[in-house]
Amino acid sequence: MKEKLEQIKAQALNDIKNAASGDALEQIKVRFLGKKGELTSILKMMGGLSPQERPKMGQLANEVRSALESALENAKSAVKEKELAARLKLEKIDVTIDGTRRPVGKLHPLSSTLEKLEEIFTGLGFTVVEGPEIETDHYNFEALNVPKDHPARDMQDTFYLGENLLLRTQTSAAQIRTMENLKPPIKIICPGRVYRSDDVDATHSPVFHQVEGLVVDKGITMCDLKGTLEIMVHKIYGENTKVKFRPSFFPFTEPSVEVDVSCPECGGKGCRVCKGAGWIEILGAGMVHPRVLAGCGIDPEVYSGFAFGIGLDRLTTTSHKISDIRLLFENDNRFLQQF
Amino acid sequence: MLVSYNLLKNYVDIDIPAPVLAEKMVMVGFEVEEMTDLSKTMQNVVVGKITKITPHENSDHLQICQVDIGEGTVQIVTGAQNVFEGATVPVAKDKSLLPDGTKITKGKLRGVESCGMLCSGGELGLSAGDFENAEVNGIMIMDDRYAAGTDMREILGLFDYVIDFKITANRPDCQSVIGIAREAAAVLNKPFKLPATPLATESDDINDYISVEVKNYDLCPRYMGAVVKNIKIAPSPKWLADALKKSGIRSINNIVDITNFVMLETGQPMHAFDLRELEDNKIIVRNAEKGESIELLDGKVAKLSPEMLVIADGKKPSCLAGVMGGAGSGIKDDTTAVFFECAKFARDSIRKTAKAVGVRTESSARYEKGTDIKNVEYALNRALSLICELEAGEVVCGRVDKNRGIEDDRTLAVSVNKINALLGLEIHGEKMKEILNSLLIQTKLSGDTLTCQIPSFRSDIEFTADIAEEVIRLYGCDHIVGTALRTENTLGGYLPKLELQRKLKKYMTALSLNEIYTYSFIAKGETEKLGLSSDKAITILNPLGEEYSVMRTQLVSSMLRVIATNANRGNEQGEYFELSKRFIPKSLPLTEQPDELSTVCIGLFGENKDFYELKGIVQQTLEFLGCKNAKYVAQNLPPYMHPGRSACVYEGKKLAAVLGEIHPLTAAAFDIPKKCLVAEIYLDLFENRKKEIEIYKPLPKFPAVTRDLALICARDLQVGDMLDAIKQGAGKLLESAQLFDVYTGEQIDSDKKSVAFKLVLRSANETLTEQTVDGTVKKVLESLKKIGANLRI
Chain D
4 MKEKLEQIKA
14 QALNDIKNAA
24 SGDALEQIKV
34 RFLGKKGELT
44 SILKMMGGLS
54 PQERPKMGQL
64 ANEVRSALES
74 ALENAKSAVK
84 EKELAARLKL
94 EKIDVTIDGT
104 RRPVGKLHPL
114 SSTLEKLEEI
124 FTGLGFTVVE
134 GPEIETDHYN
144 FEALNVPKDH
154 PARDMQDTFY
164 LGENLLLRTQ
174 TSAAQIRTME
184 NLKPPIKIIC
194 PGRVYRSDDV
204 DATHSPVFHQ
214 VEGLVVDKGI
224 TMCDLKGTLE
234 IMVHKIYGEN
244 TKVKFRPSFF
254 PFTEPSVEVD
264 VSCPECGGKG
274 CRVCKGAGWI
284 EILGAGMVHP
294 RVLAGCGIDP
304 EVYSGFAFGI
314 GLDRLTTTSH
324 KISDIRLLFE
334 NDNRFLQQF
Chain Z
7 MLVSYNLLKN
17 YVDIDIPAPV
27 LAEKMVMVGF
37 EVEEMTDLSK
47 TMQNVVVGKI
57 TKITPHENSD
67 HLQICQVDIG
77 EGTVQIVTGA
87 QNVFEGATVP
97 VAKDKSLLPD
107 GTKITKGKLR
117 GVESCGMLCS
127 GGELGLSAGD
137 FENAEVNGIM
147 IMDDRYAAGT
157 DMREILGLFD
167 YVIDFKITAN
177 RPDCQSVIGI
187 AREAAAVLNK
197 PFKLPATPLA
207 TESDDINDYI
217 SVEVKNYDLC
227 PRYMGAVVKN
237 IKIAPSPKWL
247 ADALKKSGIR
257 SINNIVDITN
267 FVMLETGQPM
277 HAFDLRELED
287 NKIIVRNAEK
297 GESIELLDGK
307 VAKLSPEMLV
317 IADGKKPSCL
327 AGVMGGAGSG
337 IKDDTTAVFF
347 ECAKFARDSI
357 RKTAKAVGVR
367 TESSARYEKG
377 TDIKNVEYAL
387 NRALSLICEL
397 EAGEVVCGRV
407 DKNRGIEDDR
417 TLAVSVNKIN
427 ALLGLEIHGE
437 KMKEILNSLL
447 IQTKLSGDTL
457 TCQIPSFRSD
467 IEFTADIAEE
477 VIRLYGCDHI
487 VGTALRTENT
497 LGGYLPKLEL
507 QRKLKKYMTA
517 LSLNEIYTYS
527 FIAKGETEKL
537 GLSSDKAITI
547 LNPLGEEYSV
557 MRTQLVSSML
567 RVIATNANRG
577 NEQGEYFELS
587 KRFIPKSLPL
597 TEQPDELSTV
607 CIGLFGENKD
617 FYELKGIVQQ
627 TLEFLGCKNA
637 KYVAQNLPPY
647 MHPGRSACVY
657 EGKKLAAVLG
667 EIHPLTAAAF
677 DIPKKCLVAE
687 IYLDLFENRK
697 KEIEIYKPLP
707 KFPAVTRDLA
717 LICARDLQVG
727 DMLDAIKQGA
737 GKLLESAQLF
747 DVYTGEQIDS
757 DKKSVAFKLV
767 LRSANETLTE
777 QTVDGTVKKV
787 LESLKKIGAN
797 LRI
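In order, the protein sequence lines correspond to chains D and Z.
Here the first sequence is numbered in the working numbering, starting from 4 and rising by one per residue.
Here the second sequence is numbered in the working numbering, starting from 7 and rising by one per residue.
Rather than coming from a laboratory, the hints here were simulated on the basis of the structure.
All C-beta atoms, glycine included, are put in the ideal place defined by N, C-alpha and C.
Any given hint could be a false lead.
[Said to hold, decoys possible] Example chain D residues on the side facing chain Z (calculated, C-beta under 7 Å, incomplete):
#1 Q55
#2 E56
#3 R57
#4 K59
#5 E122
#6 I123
#7 Q159
#8 T206
#9 H207
#10 V210
#11 C226
#12 H237
#13 G241
#14 F252
#15 L339
#16 F342
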């Protein structure tokens, strides 16, 4: 019987070694270890052994069984590994073929630029507000220190809709509404559409967008204005960008400045973008005119403030190097999908 | 304002080159629009002396000249007939440049070598009055005193720059050479030199020549005048003609040029009347009478209205005050006596008049910005002094000066600390005083107080902030250094409706729509193309053109235009949205601000687009906006929608959206060649709705059971009604019911359709038994039966 067991063991191990597939191993398992398998049938003959031999043979039979089981297990995983390797090899694809793209909707570049500005200013504690696009003469001009027939009205060509109603020429109109309704400290930005009677060309559009900023509180200084704008400029154009103030005139601020930044294209050396100047003009700003403050019921002896107006369209076209402002309003798919 | 750099040097010692000066002026608030180096406009043009002329063998009109150009003699072929041996002429040498951009190089003319060109006045950019013989047809023959080889630029005063300063509306005083010079003097810290006004002996009495009456001092606060007799009309001297030319004014004759030069120099417009033309020897400054008109110098006849100011003689308006002289009033070649007018007219009056008449002159432009009442006297004296200097006539004794009193200069006391507080700097009071004095604002410092005497030409200075601006602009804006805001804490953030709009835009892009921006005004025809009336829209009174004349009451037409552009450019398909405003007037014509209603417009085009894709987007968007119980109704559709493939969406009784396929006629009207769908969602309904925070619902603990139902019903039975019936029948256990097939055709009666739904049933408390499910399905089928839908067997 011992020989028989040894023989089965040798036979089975040999078969296992030569088995090529999972199925073959399964057959081997059935053939030797199954209910009617060879090892099982030998064990059934154990009854005919002497009580002395029975334990010995039992032990031997168990050893053979476990040897076979573990050999089978090992062989199975080896086969599986092989089969997996073969399958993986078969499943190989060409990864240079283009991926299947999901359609992605894009925000218009004006919106994404505005979003950047809004994030910067809300982060500084500013509130984003809005005002009507159809304004009264009072809010668009008079309250901003531009009386009727004042030469400063020449600065902007206005679309009129009625005697005292017009399409706002500047988001500054919203300054007044805010100051009338809120008490200092006031920190707002007001983005929106503005309108001026400019003929359409590569750099002009009768409809464009501004982001007005206003801060009013005790002790606000022109240096604070610069500090605030520097944060904005550094976030948009990079931390090495310089900010320069140049005296200018706006009826609703005094002192007034034009704000230039070192050319983001050449860093100030002079190039085509900045027309050799090394600087580009990005916005107008200044300290809120005392007459404007007083008109809104804020005592200019106690409070001071600054205001600025960013041209969103220009900021968008310069940062994306869009050569023609008309592209912004044409909305060609191939344009929209680029941003 | 065009200013010659060399001219400026007469008023202040400028010791820096023009480009450096320009840069410094920019930094004190005078933007340079353009700076022209006149020496670059002409190159290699010199004085030549013709030594010999011989005929050209191959031409009967060309002549061959030997010309001494200083450095040697060159041969030049000319077609001009007025040249002669010994003539002094301008010579454009080989490789020269003329003002009109023409480059002259050596070449052959009919076989004969020509090393340049002899020039006419015109070719040198000169016209009559600019230079002797400039207007002559042929070569400009020059005075023999000019040496051969002399650079023509030297003779023509072209070693100069013309700087075009942009003058801001608050600085009308700088619409003058003197104004710019005053600023330059302050910038360079040099004295400003006001030209003296010496006069020759005067005779007679002005009252024997003219009487002046001012009837409206509000519109004419000051009217001055003087008479000059024995006028000798002549061309202006070269310096005067040059100065005018560089500022863009044509030289006419000595008298007219003096008035123009004084205007350029002082900013104060003047007018010279031929005394003979003033009937009754009278000047009456009055409002125009109803029905009066005047023929202006440019030949245009202006109809006058009573709010306009005229300068009349005893009989008729002779001049439209401050704007333009009348046709007959001006200086003629035989004028012998002149009345010089020098006045201050009210800014707004001139502005309105010039606008109403449609005439804008150098004079009206200056009056419109504002002139200085005290400057009137200086300007008049300056003009008379130039008359004497040019020996153009004799000044008659006495002046007219009609005014209601000239106010003394204002005094403004400001605090040094307040200026520093506004600027955020610590500038010493003494420094401020020095700066203000350099700007001719006489200032004293006592403790913290600066007492400033504001000269009459600085009407812009009223407040501490104005003084602060003067200080910082001269102290240097570069001293402003960025500091952190030190306000109380503010929360920051967005107004709720802007927050919603911002999030909505992102949501729309997540639905794979691209955002578009279009103009808020459209052509009238656009609304009509939609089959809507444009009567209810606000129109712009002064539009850029018909194309941009109506404030839109809908966003659809702009969307359709964008779709048409894309489709016609070969883009296969597109998915867009725009978030903008509709302008709905409360009444027309517009007397109050209209409603500006936030609206989302969605547009899809492309062959595989259909109603259900659009509806899905609209449904998701409405859900995002918090719309409850939206009802889709195929009624009351706008005329631009396909009547069978469109719907209105109601929340309660309110119209929340309109969606559907574009009517084929609309598509044709907008030139859209592809299938196209649009929706408008009326965002204003939702923007003040408080967005609730989503509350977690526990995930289901028990399994769901699904049942598919195939039903047979009449073709026109709507799926919406069937779903309602299913919901009613199934009650609480229904988790969802989804349509998965609609079939008509074989095996189905021709007036019937088969509709299949997948029902998902689930209980929150237990695993559903077969029995419960069957019971529920039975109820569903009963409910469906009531509306005529039966189980398909």
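Structure-based check of all given hints:
no.: 1; hint: Q55; result: violated (60 Å)
no.: 2; hint: E56; result: violated (58 Å)
no.: 3; hint: R57; result: violated (54 Å)
no.: 4; hint: K59; result: violated (56 Å)
no.: 5; hint: E122; result: violated (10 Å)
no.: 6; hint: I123; result: violated (11 Å)
no.: 7; hint: Q159; result: violated (11 Å)
no.: 8; hint: T206; result: violated (15 Å)
no.: 9; hint: H207; result: violated (11 Å)
no.: 10; hint: V210; result: holds (5 Å)
no.: 11; hint: C226; result: holds (3 Å)
no.: 12; hint: H237; result: violated (10 Å)
no.: 13; hint: G241; result: violated (16 Å)
no.: 14; hint: F252; result: holds (3 Å)
no.: 15; hint: L339; result: holds (4 Å)
no.: 16; hint: F342; result: violated (10 Å)
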